[in-house]
Structures are given as structure tokens and as C-alpha cells.
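To convert, note that position 219 of the sequence shown is 218 in numbering that gives the first Met the number 0; the numbers rise steadily by one, no gaps.
Source of the hints: derived by calculation from the structure; they are not laboratory data.
We put the CB at the ideal spot given by N, CA and C, even for glycine.
Don't take each hint at face value.
DEER-style ranges, computed between Cβ atoms [claimed, not checked]:
{"no.": "1", "residue 1": "264", "residue 2": "790", "range": "39 to 49 Å"}
{"no.": "2", "residue 1": "461", "residue 2": "437", "range": "38 to 48 Å"}
{"no.": "3", "residue 1": "797", "residue 2": "287", "range": "51 to 61 Å"}
Here are the simulated lysine to any residue pairs, SDA-like style, with alpha carbons at most 20 Å apart [unchecked claim]:
{"no.": "4", "residue 1": "470", "residue 2": "481"}
{"no.": "5", "residue 1": "470", "residue 2": "459"}
{"no.": "6", "residue 1": "507", "residue 2": "464"}
{"no.": "7", "residue 1": "507", "residue 2": "581"}
{"no.": "8", "residue 1": "458", "residue 2": "499"}
{"no.": "9", "residue 1": "92", "residue 2": "105"}
{"no.": "10", "residue 1": "458", "residue 2": "481"}
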Amino acid sequence: MVDRVPRVPEQRRSSPSAEPAALCFGVLGPVRARRGDASLNTGSPQQRALLASLLLREGRTATAAELIDALWGEEPPSQALAAVRTYASRLRKVLDAGMLVSESGGYAIRGLAEGALDLAVAQDLAMEAEKARSAGDLGHAREVLGRALALWDGETLAGVPGPYAEAQRVRLEEWRLQLLESRLDMDLEQGCHAEAVSELTALTAAHPLRERLRELLMLALYRSGRQAEALAVYADTRRLLADELGVDPRPALRELQQRILEADPGLAEPSAPPAEPAAAPVRPAQLPATVPDFTGRAAFVRELGEVLSSAEGRVMAVSALAGIGGVGKTTLAVHVAHQARPAFPDGQLYVDLMGAGARAAEPETVLGSFLRALGTPDTAIPDSLEERAALYRSVLDGRRVLVLLDNARDAAQVRPLLPGTEGCAALVTSRVRMVDLAGAHLVDLDVMSPDEALQLFTKIVGEERVASERKAALDVVAACGFLPLAIRIAASRLAARRTWTVSVLAAKLADERRRLDELQAGDLAVKATFELGYGQLEPAQARAFRLLGLADGPDISLSAAAAVLGLPAEETEDLLESLVDTSLLESAAPGRYRYHDLVRLYARACAERDEWPPSEREAALSRLLDFYLATAAGVYALERPGDRLVDHLEGTAYPGVPFTDLRAAQDWLYAEAICLLACVRQAAGRPETLSRAVDLLWVAHDLSESGANSREYEATAEALLEAARRYGADRAEARALMTQVNVHHVSGRFELADQEAERVTLLAQRADDLLPVCWARNARGIMALYQNRHEDGEEHLSQAIEHFRTLSDRAGEASALCNLSRIHLATGRTASAVELAQQGLELYDAMGNSMRGANARYALGLALTQSGELDAAGHRLQEALEVFRESRQRLWEGMSLFRLAEVDLAARRPAQAAASAEMALTVLRGIGGEWRRGNVLTVLGRALSGIGQLGRAHVCWQEAIGIYDELGSPEAAEVRALLTPVRAA
0 MVDRVPRVPE QRRSSPSAEP AALCFGVLGP VRARRGDASL NTGSPQQRAL
50 LASLLLREGR TATAAELIDA LWGEEPPSQA LAAVRTYASR LRKVLDAGML
100 VSESGGYAIR GLAEGALDLA VAQDLAMEAE KARSAGDLGH AREVLGRALA
150 LWDGETLAGV PGPYAEAQRV RLEEWRLQLL ESRLDMDLEQ GCHAEAVSEL
200 TALTAAHPLR ERLRELLMLA LYRSGRQAEA LAVYADTRRL LADELGVDPR
250 PALRELQQRI LEADPGLAEP SAPPAEPAAA PVRPAQLPAT VPDFTGRAAF
300 VRELGEVLSS AEGRVMAVSA LAGIGGVGKT TLAVHVAHQA RPAFPDGQLY
350 VDLMGAGARA AEPETVLGSF LRALGTPDTA IPDSLEERAA LYRSVLDGRR
400 VLVLLDNARD AAQVRPLLPG TEGCAALVTS RVRMVDLAGA HLVDLDVMSP
450 DEALQLFTKI VGEERVASER KAALDVVAAC GFLPLAIRIA ASRLAARRTW
500 TVSVLAAKLA DERRRLDELQ AGDLAVKATF ELGYGQLEPA QARAFRLLGL
550 ADGPDISLSA AAAVLGLPAE ETEDLLESLV DTSLLESAAP GRYRYHDLVR
600 LYARACAERD EWPPSEREAA LSRLLDFYLA TAAGVYALER PGDRLVDHLE
650 GTAYPGVPFT DLRAAQDWLY AEAICLLACV RQAAGRPETL SRAVDLLWVA
700 HDLSESGANS REYEATAEAL LEAARRYGAD RAEARALMTQ VNVHHVSGRF
750 ELADQEAERV TLLAQRADDL LPVCWARNAR GIMALYQNRH EDGEEHLSQA
800 IEHFRTLSDR AGEASALCNL SRIHLATGRT ASAVELAQQG LELYDAMGNS
850 MRGANARYAL GLALTQSGEL DAAGHRLQEA LEVFRESRQR LWEGMSLFRL
900 AEVDLAARRP AQAAASAEMA LTVLRGIGGE WRRGNVLTVL GRALSGIGQL
950 GRAHVCWQEA IGIYDELGSP EAAEVRALLT PVRAA
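Please take these sequences and the hints and turn them into a complete structure.
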């Protein structure tokens with residue numbers, strides 16, 4: 000329950016005649032008065048003390064004696080009463096007429112406008128948050144409470160003297176902490192454990208004896224998978240309370256410790272208080288739109304509806320629909336799901352599992368999407384499939400949610416996605432019968448009956464056209480094999496051609512009857528149905544249908560499609576929209592298109608059969624590769640002005656999308672990531688496109704550092720490397736290896752990165768390709784730094800600088816200078832380290848290269864830290880952090896937070912250091928590798944030790960030692976030395 004302070008009602012009633020620019024006052028910080036944007040002079044500290052005393056008295060009159068006591072306590076000056084009158088007189092000149100009232104020998108402030116006092120606004124927001132929480136809307140409650148807490152601006156009544164102000168400071172600070180605890184409690188209720196740890200670590204440092212904060216920290220750590228640290232918090236708390244107060248922790252804290260020791264399953268999930276409803280604050284509604292002309296299937300609709308309605312009171316209701324492609328599984332499932340929505344008030348989840356394609360959706364990816372849809376923040380989503388599935392079931396516990404799993408590959412793909420809790424249900428569609436899905440209600444969906452097929456055809460074409468040609472209509476649906484998708488395609492073509500009769504369509508289908516008779520088994524019937532629609536396309540439509548199906552990837556953008564077709568965007572859009580009208584193509588979103596997986600296979604078969612000359616197929620994919628390479632190179636150049644990589648890429652014959660806005664360019668890169676990487680993999684299969692594919696992956700290496708696409712990027716790099724070796728292409732192999740070096744660097748596999756960078760040098764020199772030699776030398780220098788081979792590192796980086804200068808590559812030179820700065824730093828040459836980093840920064844800034852300029856600021860921040868210029872170091876690292884965060888470079892965002900923690904430690908700000916290190920751990924989860932994690936844990940341990948949380952520090956260091964020992968890193972000995980005084984204590 001959100002805590003409250005006494006109301007100040009009189010100060011919140013607005014006057015009907017209040018002017019637009021009303022007076023506003025602040026007490027949750029320095030005492031201030033303002034009119035609009037203009038600050039008013041509130042006078043001396045004693046005069047502000049008088050103003051604060053009146054503002055905080057709820058509009059009541061304060062006698063002169065009370066005011067004297069408030070300002071000076073037991074020892075007022077001899078002229079105290081005269082001073083009070085003087086302060087009041089001065090305030091009257093500042094305030095609105097009639098606002099400062101004199102009565103009964105005292106004073107009062109009345110008639111404030113609504114929201115004129117920040118404290119009253121905070122009280123309103125706290126009350127609103129309490130109501131929202133009671134109603135189960137934790138998301139809104141958290142947001143409102145955050146706004147209330149944001150009203151504080153430093154210390155309450157800052158700089159105001161007197162015993163009354165001091166008492167109010169204590170009271171309002173306690174209330175602020177109660178609000179903070181309430182908001183943090185709701186953070187944990189909504190699964191924001193990782194984010195909460197950082198804030199709670201800082202708060203427990205500032206308020207070490209406040210047990211509720213310790214309790215929340217223990218719970219946040221436990222739910223973040225850090226059980227040992229959670230128990231260490233209890234040990235630290237017990238020791239501190241005994242030393243400072245001579246008492247034991249309160250029962251709630253002792254009980255939590257015991258539950259953590261027992262790994263109580265109830266702690267692993269939010270524990271809402273009984274008074275709150277179990278409904279989820281986020282209610283996903285992901286079901287696709289149901290078709291307005293849904294027809295027939297009454298028995299199936301009734302059967303499935305009964306199964307879903309039985310979900311309440313059962314552990315889980317699962318229905319699995321099986322049938323050939325085009326039989327209407329998805330349409331039926333979506334229709335039934337929409338009808339069942341009232342039975343699942345907490346939401347409906349939907350996903351296309353792409354089970355019929357070559358790359359079915361991975362369950363862990365789907366679970367991540369579902370958890371986000373259910374309100375779980377990214378930082379709270381674990382990495383492994385098992386952990387995501389467990390969290391998914393926990394989040395759904397107590398909720399009534401329907402999950403529609405469309406187009407599943409097999410039962411193994413489906414099992415982790417099943418809710419598994421009472422009140423939830425799952426609908427599954429698949430081309431295979433899921434006999435091995437335990438407890439599932441299996442439904443085999445066949446083609447429509449003749450009557451149902453005719454009804455569907457009539458709904459699409461129109462009653463008037465069908466009524467006079469019923470026999471021809473029956474011939475049409477029979478020719479379609481009574482398959483819903485085929486009927487829909489044929490009917491859509493007829494509906495779009497007002498001059499055709501049903502008999503004309505029937506005659507056209509009759510010409511192909513012999514082929515349909517030959518293709519009667521299984522999925523072949525589906526192929527035959529597509530022939531019906533394809534055969535009626537205009538030549539330009541048919542070409543677009545064939546060529547677009549060649550491109551890998553889940554969908555395709557309009558601009559990429561224009562490249563495939565070699566047509567202007569406007570003409571391409573007209574063609575694609577006409578294909579959408581025929582149901583042969585789907586509009587996934589504005590400007591994006593996709594095929595049904597079976598339609599894509601059919602389109603490719605048509606391209607193999609009908610595209611002439613055959614070289615046009617390769618030309619279409621070549622244009623797509625050119626489009627992605629040209630656009631990605633433009634994004635790279637916009638991000639990194641002066642970087643010469645774009646001058647050493649394979650040429651392109653087809654242009655890309657030009658960008659002038661950096662944010663839009665980066666948005667394009669991340670939006671197209673999956674399709675771009677699919678294009679690279681596809682192009683790796685042909686020797687003539689391999690070099691461009693390698694260059695595209697290299698120029699898009701931001702994707703490897705973002706964390707969002709790192710795994711897909713690495714898999715693509717491996718495929719390229721294999722292809723390059725298969726074709727014996729030294730240049731392509733060297734560049735593919737260079738992308739692997741970047742991947743290994745980001746993942747913390749430094750020895751492997753160094754080995755492959757060495758091979759890059761040999762291959763690139765043999766291919767007379769100097770740029771990879773430069774970057775390989777640069778990479779080997781930084782790898783040597785990480786491995787404490789400083790002399791080798793200096794040699795590699797000096798050579799890299801020479802090579803970059805030979806190519807007039809100032810951006811590469813700047814990178815190598817910054818890395819060399821770190822070698823100098825590691826070998827005790829601090830002054831030259833600062834100078835080298837400054838040279839790199841100046842080069843980047845001269846080119847306007849803000850992204851890599853952030854790397855230079857990072858290097859300079861490290862050097863300044865070691866030189867003792869901590870304020871300057873913090874400033875540079877903060878600049879770097881902002882750029883990395885804006886550019887979505889998660890690795891370097893996390894590393895900047897880590898380095899800021901080091902600065903705070905050196906500046907003896909351990910609480911701030913602990914908060915920064917905790918944030919670094921959160922950001923670096925799943926990226927950066929274990930060695931970097933060990934470094935962050937070491938610094939976090941130092942910070943925790945500095946704020947007296949020795950038990951947690953011990954746990955962090957033990958975990959770091961485990962990481963270093965496994966990697967064989969020398970840092971293990973240094974961390975063991977840190978543990979010695981802890982053990983002695």
C-alpha cells in the first residue's frame with residue numbers, strides 16, 4: 000500500500016479568477032516560488048523558512064509564537080517578532096494580493112491554484128498510484144509513482160534553517176523512502192529484477208539500517224539468479240545491525256533468508272498481495288484479424304470451442320489442428336480463438352512458428368517475444384530456453400490467456416511454448432499430426448464439403464453472380480479440390496474481373512483438369528491450387544511473383560522488392576498490391592510483404608520452370624545483394640565519416656536507399672537485419688556473389704555489437720567462411736575471417752580472435768588486400784592487451800598505424816592510436832597514453848565521426864582515470880556512454896558503465912560505483928563474454944566492500960575467480976588477494 004502524508008486541502012483549491020500564470024511553489028528541494036517560467040526572489044534563508052512553514056501548515060494560521068519557534072527554536076533573537084513581521088511584509092510584495100493573510104496575530108497562505116505546491120501534486124500522484132495498485136494495474140501505478148518521486152529535487156527544504164524545517168525534512172524524507180520502497184516492490188512484482196538491483200544497491204548504501212530495502216535487494220538478487228549474493232546481503236545486514244544497534248534482523252528478513260536457503264518456488268515468481276486481482280497489467284491482443292467471409296466448419300468450431308471453454312478448472316487445454324497446406328487451419332484457428340476471447344480476459348498470444356519452412360522459429364526467440372508482450376522488460380528475460388520457459392509459465396500463472404501457435408513444425412517446437420497452468424489454453428496448427436503432444440485434443444482438418452465450398456465461393460464473388468450459374472460454380476469449387484485456399488484464390492480472381500462470368504472461370508480451370516487429376520496426393524494438391532491463381536496473372540505480375548519468391552528471409556521491404564524486380568518503387572508497389580489482392584502475397588505491414596511458406600516454394604518452382612532466360616534469376620538476387628550492400632555501406636559511411644572501409648568494398652550496379660538522417664539509417668539497418676543476413680547466406684552459395692556477400696557482412700558489423708542480432712551474425716559469418724574456403728577465394732576468406740575476429744572480440748574469445756587475425760594477415764597479404772591487414776593488426780594489438788602481451792601488442796598496433804597511414808585511412812589510424820594508448824596505460828606510461836588517446840579523438844572529431852569518436856572518448860577516459868583526473872575521465876566516459884546508448888551498441892554501453900564504476904571507486908564514491916557496475920552487468924548480459932563479466936564482478940565487489948556489504952563483495956569475487964580460473968586468466972590471483980582481508984574480518 001502506498002504511504003501517505005497529511006493532506007494540504009486548502010492549498011489545492013483553485014480560485015475561479017486565477018490568472019493563467021499562477022504562482023507555483025516548491026518545497027521538495029530548495030524552497031522556490033515561480034510565476035510561469037520566471038523564478039521569484041524568496042529572500043534570505045529565514046524568510047524562506049517562514050514561507051515553508053506557512054506552505055506546510057495546510058492553509059492553517061500560524062501564530063507569531065509558532066513561527067518564532069519554527070524559525071529559531073528555544074533561543075530566538077530579541078527582535079524575533081519584528082523580524083517575522085518584516086519577512087511577512089517582504090513576502091506580500093512577491094505573492095499575489097490576498098494570498099498571505101494576517102489574522103489572530105499570525106499568518107496563513109491561502110488560495111493557491113490547483114497543483115501550485117509540488118508536495119500537493121506528489122500527494123495526489125501517490126493516491127492515484129495506490130488506487131491503481133489496488134485495481135491490479137501495476138504498470139500505471141509504477142508510472143505514476145515514478146512521476147511523484149521525480150518531483151523531488153535534492154534535499155527537501157534544502158538550505159532552510161530552523162527546527163521546524165528540520166523536522167519536516169525528516170518526515171518528508173521518510174515518506175519519499177516509503178514511496179521508493181512501494182515502487183521498487185511493484186518493480187519486482189512486474190519482473191524488473193535486474194534493473195532494481197542497481198538502484199537497491201545504491202539505496203542500501205545510503206540507508207544501511209533500513210531493513211525493507213535490504214529485503215527487496217535480497218529478493219531482486221534471488222530472482223536474478225544470484226542466490227549467493229542474496230544470502231550475503233542477509234549476512235551483511237545481521238552483522239551491521241548487531242554492530243550498530245545490538246539487534247537481530249526483523250522476522251520478515253529472517254523468513255526471507257530461510258526461504259532463499261530452501262529455494263522456495265514461491266520466491267521465483269511475483270507474489271501479489273491477496274487483495275490484488277491476479278489479472279496481468281499487460282493484456283496482449285495479438286490474434287490476427289478473422290476473415291469476414293468465414294464459412295462452414297460448424298462442427299469443428301463447436302468442438303474446439305468446447306475444448307477451450309473447459310480450460311477453467313483444467314491444468315491446460317490444448318487443441319492441435321492438422322491438415323495439408325491451404326486447408327484452412329489458420330483461418331479456423333483464428334476464428335475459433337476470436338470467439339473464445341471472452342473466456343480469456345487476460346489476453347491472447349499469437350505466433351507463426353514457420354514450421355513448414357527451412358528455418359522454423361526457435362522456441363527461445365518466440366518465448367522472448369511472448370514475455371515482452373506480457374510486460375516483461377528485456378533485461379529481465381533470461382538467455383536459455385529452459386529459463387525463458389520457466390519464467391513464461393510463472394508470468395502466466397493465475398492468468399487466463401489463450402495462446403495460438405500457428406504453423407508448428409513438430410511437438411518439440413511446441414512444448415516449451417505451452418502455458419501449463421490452469422485457466423490457460425493453447426491452439427496449435429501444423430501440417431503434421433501431433434500424436435506425441437501429450438494430452439492434446441487432436442483435430443484432423445479435411446477439405447470443405449461441396450456445400451461449404453460453394454458458400455465460401457459465393458461470399459467472395461457475390462450471390463448475384465453465382466445464383467444464375469450454380470452448376471458452373473460447383474464445377475469451379477470441384478476443380479479447386481474443395482480446398483479453401485484454392486477456392487479463395489480462384490474466387491478473388493473472379494471478383495476482380497467484373498467482365499468474367501463464372502462459366503468463363505470454370506472453362507479456364509477445365510483446361511487444367513488433367514493436371515489436377517495427376518496431382519491428387521497430399522501437398523501436391525496444394526501446388527495445383529496455386530497453379531489456378533498463377534495461371535491467371537498478367538505477365539508482369541507473374542514475373543514479380545516468381546522473382547520475389549527467390550529471396551530468402553521472412554519478408555521483404557518495398558525498396559528491396561524493387562531491387563529484385565529492377566523496377567521503380569511506384570511500379571513495384573502497384574504489382575505487389577495486385578498480388579496481395581489475388582491472395583498470392585500477404586502485406587505483413589505497411590511497405591513490407593511476405594509469402595505463405597508454401598506459396599514461396601511454389602513461386603520458386605515457377606521461377607525454375609518459367610523464368611527466361613535462366614540468368615534472370617541470378618540477376619534478380621544479384622540486384623538484391625547490391626541493394627543491401629549499397630544501403631548498408633551508406634549507413635556505415637553516415638555513422639563513420641572518414642572511414643575508408645566503404646572505399647574498399649566490391650562495386651555495386653544497383654543503388655541502395657540514401658539516408659541523410661543517422662537515426663533513420665540505423666533504424667533501417669536493425670529493421671532489415673534478419674533479411675540482410677539471409678541475403679548474405681544465400682549469396683554465399685554462389686562464387687560470383689561471395690565477395691559482395693562478405694563485404695556486406697563486414698560493413699554491417701554493427702549487428703554483431705548490438706546484442707540483438709549477434710547470434711545470427713555469427714552463424715552467417717561461419718557460413719561465409721566455409722564457402723570462401725570451399726571456393727579457394729583468399730580475399731573472401733580473409734574478409735570473412737575478419738568478421739569472425741570481430742565476433743570473437745565481442746564474445747570475449749580473445750585467443751581465438753588473435754589466431755584468426757593472424758590468418759587474416761597471411762591471406763590478405765597473399766590476395767594483395769591491405770585493408771584487412773590493417774584491421775587484423777589492430778585487432779591483434781587489442782587481443783595482446785587483453786592477454787597481457789604488451790610488447791606484442793605495441794608492435795601490432797604500430798604496424799597497423801603505418802598501414803592505415805599508407806591507405807590514408809584516418810579513422811583506422813585513430814582506432815589504432817586509441818588502442819595503443821591502452822597499451823601505454825597498461826605499461827605505466829600514463830602521460831603518453833593520454834596524448835595518444837587525445838590524438839585519436841582529434842582525428843575522429845575532425846571527421847565528424849561521433850560513433851567511433853565515442854571509442855576515443857572511452858580510451859581517453861581510461862587514461863585520465865589512471866592519471867588521477869577523475870572529473871575529466873568521468874565526463875569523457877559519460878559522453879561515450881550517451882553515444883553508445885543512442886547507437887544501440889550494447890557491448891560498449893555496458894563497458895562504459897563499467898569504466899564509470901571504476902572512476903567512482905577511484906573518487907571514493909562506492910555507492911555510485913556499485914550502481915554503475917550493476918547496470919553494466921545488466922546491459923552486458925548475453926554479450927561481451929565471461930572475461931568482461933569477471934572484470935565487472937571484481938569492481939562490483941570492491942564497490943560493495945566500500946559500502947560495508949562485505950558478504951556480497953565476497954560472493955562477487957568468488958564468482959569472478961571461478962570465471963578467471965576457467966579461462967586461465969592471471970586476474971584470478973589479484974582477486975584472491977582481495978578475499979584475504981574479507982576472510983580475516
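Comparing the hints with the structure gives:
In this structure the supplied range 39 to 49 Å is violated for residue 264 paired with residue 790, their Cβ-Cβ distance being about 54 Å. Distance hint check for residue 461 and residue 437: the Cβ-Cβ separation is about 47 Å, which falls inside the suggested range of 38 to 48 Å. Distance hint for residue 797 and residue 287: a CB-CB separation of about 60 Å, consistent with the stated range 51 to 61 Å. Annotation: proposed proximity of residue 470 to residue 481 holds, straight-line Cα distance about 15 Å (limit 20 Å).
Distance restraint check for residue 470 and residue 459: the Cα-Cα separation of roughly 17 Å lies within the 20 Å cut-off, and the hinted pair is therefore satisfied. A threshold of 20 Å between alpha carbons decides the hint, and for residue 507 with residue 464 the separation of about 17 Å falls inside it, so the pair holds. Under the criterion of a C-alpha separation no larger than 20 Å, the hint pairing residue 507 with residue 581 is consistent with the structure, at around 16 Å. A hinted pair counts as satisfied when its Cα atoms are at most 20 Å apart, and residue 458 with residue 499 qualifies at roughly 17 Å.
Between residue 92 and residue 105, the direct Cα distance comes to roughly 18 Å. Compliance with the 20 Å bound is thereby established for this hinted pair. A threshold of 20 Å between alpha carbons decides the hint, and for residue 458 with residue 481 the separation of about 15 Å falls inside it, so the pair holds.
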